[in-house]
Structures are given as C-alpha cells and as structure tokens.
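Q: Now for the letters of each chain:
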Amino acid sequence: MSTVAISEKRSALAPLGKPLAIAGGVLAVVAALLPWVTFSLNDGNWPDKSTLQFFDAPFLVTGFRWHMLLFGVFILVAALAPTPSRGRVLRALGWGTLAVSFINALYITIKGGGLGAITALDGEVAFGGVVGVVAGVLVILASYGIGIEPVADWKFKVSTPVAYLVLLVAFGGVLYAVAAMLTTGGVGASNPYAGAIFLSFLGFAGGVLAALSGVGLVRWISALSEEHRVFSVIVLAACALLLPFTDAGNEYWMTVAANIGIYAATAIGLNIVVGLAGLLDLGYVAFMGIGALVAANFSGAATAYFGFSLPFPVAAAIAAVVAGIFGAIVGSPTLRVRGDYLAIVTLAFGEIFTRSAQNDIGGFTNGSNAIPGIPALSLFGAEFNRSITIGPVKLPGGVLYYILIVLLVAATMAVFANLKFSRIGRAWIAIREDEDAARAMGIRTGKMKILAFLIGAMLAGLAGAVFAHKNGTVSYESFKFLESITLLAAVILGGMGSIPGAVLGASLLFVLPEKLRDFEEYRLMIFGLALILIMRFRPVGLIPDAHRRAEMAEKADENAEEAHVEARKA
Amino acid sequence: MSPLLEVRNLSVAYGAIEAVRDISFTVEAGQIVSLIGSNGAGKTTTLRTISGLLRPASGEILFQGKPIHAEPAHAILGMGISHSPEGRRLFPRMTVEENLQLGAYVRKDDGVQADMDRVYELFPVLGERRHNKAGLFSGGEQQMLAIGRAMMSKPRLLMLDEPSMGLSPIMTQKIFDTIKELQSLGTTILLVEQNALAALALSDHGYVIDLGRTTLDGPGHSLLADQRVRDAYLGEVH
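As they're listed, the protein sequences go chains U and V.
The numbering used here numbers the first residue of the first sequence as -10 and each following residue consecutively.
The numbering used here numbers the first residue of the second sequence as 1032 and each following residue consecutively.
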C-alpha cells in the first residue's frame, strides 16, 4: 500500500525533481541575502544583522544567513553535479534549510509580536524567513521526486598517508564542530537570542551531517578509521586535548566540557550493564554518588567523616572499590529476578541511596547541608581550577580538570572496548540475547551478571570521585532518580552498546539543557521534543553499535531474504 | 565398565507439580538412544535436569560412573555433555560464526577454529553464509546450526531435544541422516522426539516415557514392532 502511494507521488514529482531542487537552492541563496526583519527587536538587534544589512554591507553575511547561503550553494551543487544518492542528500539539505529558516522566522515572529515582523512593516519588506521556508519545502519535494536511494557505498581504497590525511581532516572537523556547538550563542544569558541561535546552528549542523552521511562520506570515513584504528584513537585523543585551544577555551566552557566528560564516563559504565549485559538499571547514578561521597569524606573537607585527607588516587581507588561492592550487592538479586522486576529492584536501590544520603545515615553525607569545601586537586602545586601559563600560552581555568577528565573518559572507553570484545563481553551479549540459551552454552550467567554490575558501578564510582573534587561540593541532590534516567537516556539515545554513542548521548543530554536556558519554562519541553524526534528517526541511536546497525540494514533485505527462505523450503 | 550415562529413579518437580517420576535409563557409549512419548511426558524436563539447568527432587544421574546431578550447568558441559535445547534457542541476532563460538565457550584449547571448519564441512550451507544472522535461516538450517553449535563443545554425549520440530519431512530426514553420521564419527547421542517412527528407526535403544515414567524399553527396531507402541505413538488406526 505504502509503496503504491510513494510511487504515485514520485511519478507526479519525478520530472520536476531537478528544476525544483535548483529553484529551492536559488531561493535559499536569495533568502540568505534578503532582509529578515526590518526593525530592532525589544532585546536589541536580531543577531547577525538580519535587517536590510545586505544593502549596507553587501559582503557581510554572517551567522544563520551564512548557513542559509551555504545550504543554497550545497543544494545547487547536489542538484547539478553528479552526486551519489542525490535524493537522500537533497532531503537532508532541504530539512536543514527548512529548520534554519523556520527557527529564525518563528523566533522573530514571537519576539517581534506577530507575523508582521517577518513580512512587512513601515512599508519595508522582510520576506527572508518566508522565502527560506519555501526553499526548504521545495528541496524536500524535489528529493522525493528524485527518489531516496540507499546510501552510496564508496568502494575505492586509498593509500595509508592519504587515509591519515583524511582522518586528520575529519577529526579536525569534528573538533571544530564541537567547539562551535559549545560556543554558539555565547555564554549563558549574555546573549538574549542564545537559545534560538543554538537551535538554528543545530539545524545547520544536522543538515550538513545528514547530507554528508547520505552521500556516503561518513560511512567511508568510519570504515577508514576502523581500518586505521590506532591512528584514529591517537588523533581523537589529540583533538580532545586541543579543545582548550579553540574558541571554547575559556573557564566556562572548560567547566561544561568537564561535566559532560564526567557524565560520559558514567554513561559508558552504564552501557556495560544495559548495553552489553542487557540489565535495565534505573538507579545507576547512586554508584556515582557513592564514589563522590567516599572521595569527599577522604578529602579533608571540614565536614568530612574522616579528619584526614588521602591522596586523590588512593581516595579514587577506594571510591571505585566501595561503589563496586555496592554494585555487586545490588546486582545479586539478578540471580533471582529478571527484566522489569530487576529494574524495580534497582529503582528501589536508587531511592534508598537518596533517602539515606538526605537523612545523613551513618554520618557520611552531612544530609541536606551537603559536604562543601572539598579542596581542588593539585599537581606539583598547580591547582586544577586555576588557569595555567606555559611559556607564552595561557590556558583557561579548569583546563587541568578537563584534561584529567579526558583521560578518565579515555580509560573508561579502553575498559569498555576491551571487555566488549573479550570472552566476558561475548558472554554478556549472549545473556542479553537469550539467558537460558546462554546457560546451556556453559556461561555462568549469575556470576557474569554480577560482574557487569560490579564493573559498571566501579566506573561510576571513579567518575564520582572526580566529580566531588571538580565541583567542590557533594550533595545527595546531584544523584536523584532523574539523573539515572538522563544517563539511561544518554545510553539509549547514543546507541546501546556503542562507545561513541554513549559519549555523544551524554554530551547532548547535558549540553542541550545548558544551551536551552534561554527558553526558560519551555526548556524541558523542547528537550523532551528533541528526544522524541531523535528516537523516531534514529531508533537504534545516533551512533549505533555495528551489530545493531547491521540489523537495521538487514531489515531492508529481510523481505527478499524471507522470500529466498520460502523458496528453499518449497 | 559403567555406561556413559545412567539415570536412576529420577524425579523432578516444578514446585508441587511432579513432571518426572522415577525415570531410569542408560546410554552406552557409541549408541543412539531415544526417549519418546507424547507432549508433557517429561522428556524435556529429563534433558534439562541432566544438563544441570534443573535440579532433581530425588534419584541419581551418573556420567561415566560419577554422580553429576549436583553439579552446575557449566561443569556438566565441561565434562562432555552438550545439550541442544528444545526450539533450537539460537542467538538469532548473532551470526552463524558467533553462535558457533558461543558453543565453544567452555573450551580453552585452540582447536576451536578447526572444529568450526568441521561443522562447515558437515553443513556447507552454514559455511557459505557464516557471516549472516542466524535468525535469517530457514527452520532446517537453524536446526543444523543448533546441532553444530552443540557439537562445538566437543561433547562425548550430545543431547538433542526435538530436532525435527517444525521441519518438513524432507528436512527431518536430512537431520536424522546427520545424527546417524555424527554417531559414526564417534559421538553418543541421546535423542528426545515426538516423531517416534523416525527416532526409533535410527536408535540402538529406545525408552517410552508416559506421564513422567518409563513404561517400555527395548532396541529401536523391536519397539517399532511393538503393538502397544504402534497404537499409542505411531498413529495406527484399526
């Protein structure tokens, strides 16, 4: 039924595909150069001079207008040049154009008090937003006219030096994108339009990324990086360490990036429990809390339980071990309860932890007063939260924490990757797929499940120890149920069982709320909407595990495969 | 010399419900032995108890003369009893190769690859499509993979639970031919089947289980000729 509808739609649009795309591309360029608003909004000029600036300063195309211009050019290139899977690329670019136009036009409309703001006022015309939306719609229609083919598979091989160069450029691009994503819209409330600018940038980045992936570039590069795994890991680590030297290199963004890193490390730990072993844990953040409390109590802070301080590595190791012991205890019911019931057990454990911490049971948590005044870490006399100067280079405050946390994430990734491809990892995956069959294979399922909980909890405990020193205060409020759910969402959103997925998921989930502050009471609504959209269009997660990706690819061939099987049976 | 497997007065209960009551049988090395009986007779429960997935309420299970009924599942597998469970229970989202690797999970020697090649030799269709997901294969091919996977632990005793379930007569014949071939290669086989005709024709010895008890036993061909068996299980109408 649906195929008929699509082919009919296509036959009507097919001859129009190319002209529509060209028209859309031209309109996107025009929209970039048109005025978008003819007056100053209440909060000041709409960013990036979206009034009739073109006529004042013809070559000053910045911000979202620059993005629109790029979209226009990309669309024209995709429509005219021999592009692999053209329909797919155009569809991505069209949606990007539509998103950027729509977000900006909508925001201007809301801030400017009605549709008049984006059409005409005082006899002057500002049709930029409308033209942009039309351009987007035209290109999307064009893409369906041309037809959405599968993502092109680039067969050609390159020599090692060229591959290295490509990977360098690719990871450099990733670094640039991360820095831009963090800094776009400015810091906190300093820019009244920060939220809209960020969303608009997200539309641009998403459109370009989807187009690159549609044309087959992303798949090709990930195959290259798989082939040159060691080199990729080194370059990736180098890129992460270079972030302080980009636009994001100030104390604010270093702090945000460090917090993301802590949650990313925790999410990777959770990914062992949920993604590999398939055990749903709804109270996972409690292990991070236990790690943080242990580190806080050994830190020498005034209200700490112990009156002495231990060196950080020792305290962190104890934190990991204690969290691991609790992990094994929470995991032990897995021998008896499965699935949903286990989730309830972990949920209850999370609540027990929060309530005990709130009421200062055992005197370890200082209740609702929290444990403040945890000293910052220091190395050779350099405090981690101060800025440091090495020769002519001045690095922002918090950069040492950032570096420590990059190392933490790298170490967590290494643990995860090694486990995943080991005998233990295979056993976990088998348990996830079919526990009874796994037992019949001789896998000691009980031991393996407890081991998953133990290792996951240790990683969270370690991240918690860093968290305690980084933030200076440990309060039970940081480890509530909502945090567990957010971590779980990060794992699922990024792609279960995938390492880059967990990092990306954690980044999104902890950057988005920060970036959407501008929307005040609508913040969580937009956040929720974004999650729903991602799960609708990427059900296996943003960067799925190779296993699961293959599964989805096979879904397409499944009908053919089934027919083949039927034919064999006959 | 003691038989390879000896089950003595075995009873197994799920809570208050007794699924197996006082079953006894022996499997000599090199034989194919089948347990036949209708649905709910306790055949699957018996196999699951032998492989350590269930605990007996009473009775003994001896493997090479040693009691094993208190041992955990992985230890029993390590001793050389492999179990291909009812309904095949493959890992459908894993490839053929990954399924076979898991079959060899308890092994620590380096002959796994060679044994995998042997499975591919026995079932060429698996070798050709070794990187395909197990769930995409036909029922018969999945059964081949289930047997191959069970063979990967290098068992002395291979227990097959309903290998013909859901298969066409041609495919069933093929699977039974394979079982015969495995026997000729030196594996002892304990077979549980509802397809009594085909199972008994193949077996050196058969046991009829009814409502949790062994009611009859004898060499496969003589059971096939037994009027009571023919009436009850071979669907003959007078």
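Check the hints yourself; a few may be wrong.
As the list claims (entries may be wrong) - No farther apart than 25 Å at their CA atoms in a straight line, the calculated lysine-lysine pairs in the BS3-like style are these: (1) V:K1211 to V:K1185; (2) V:K1185 to V:K1205; (3) V:K1139 to U:K409; (4) V:K1211 to U:K436; (5) U:K436 to V:K1205; (6) V:K1097 to V:K1139; (7) V:K1185 to V:K1139; (8) U:K409 to U:K383; (9) V:K1205 to V:K1097.
Hints in this document: simulated from the structure, not taken from any laboratory.
The structure presented is a predicted model; accordingly, all values stated were derived computationally and were not measured.
Q: None of the hints should be skipped; say for each whether it holds.
A: Hint-by-hint comparison with the structure:
1. V:K1211 to V:K1185: 17 Å, holds
2. V:K1185 to V:K1205: Holds. K1185 of chain V to K1205 of chain V sits at ~22 Å (cutoff 25 Å).
3. V:K1139 to U:K409: 19 Å, holds
4. V:K1211 to U:K436: 37 Å, violated
5. U:K436 to V:K1205: This hinted pair is violated, its Cα atoms lying about 39 Å apart.
6. V:K1097 to V:K1139: 23 Å, holds
7. V:K1185 to V:K1139: Holds, at about 12 Å.
8. U:K409 to U:K383: 40 Å, violated
9. V:K1205 to V:K1097: Given that 25 Å is the threshold and the Cα spacing comes to 35 Å, the pair is violated.
The earlier numbered hints that this structure contradicts are 4, 5, 8, 9.
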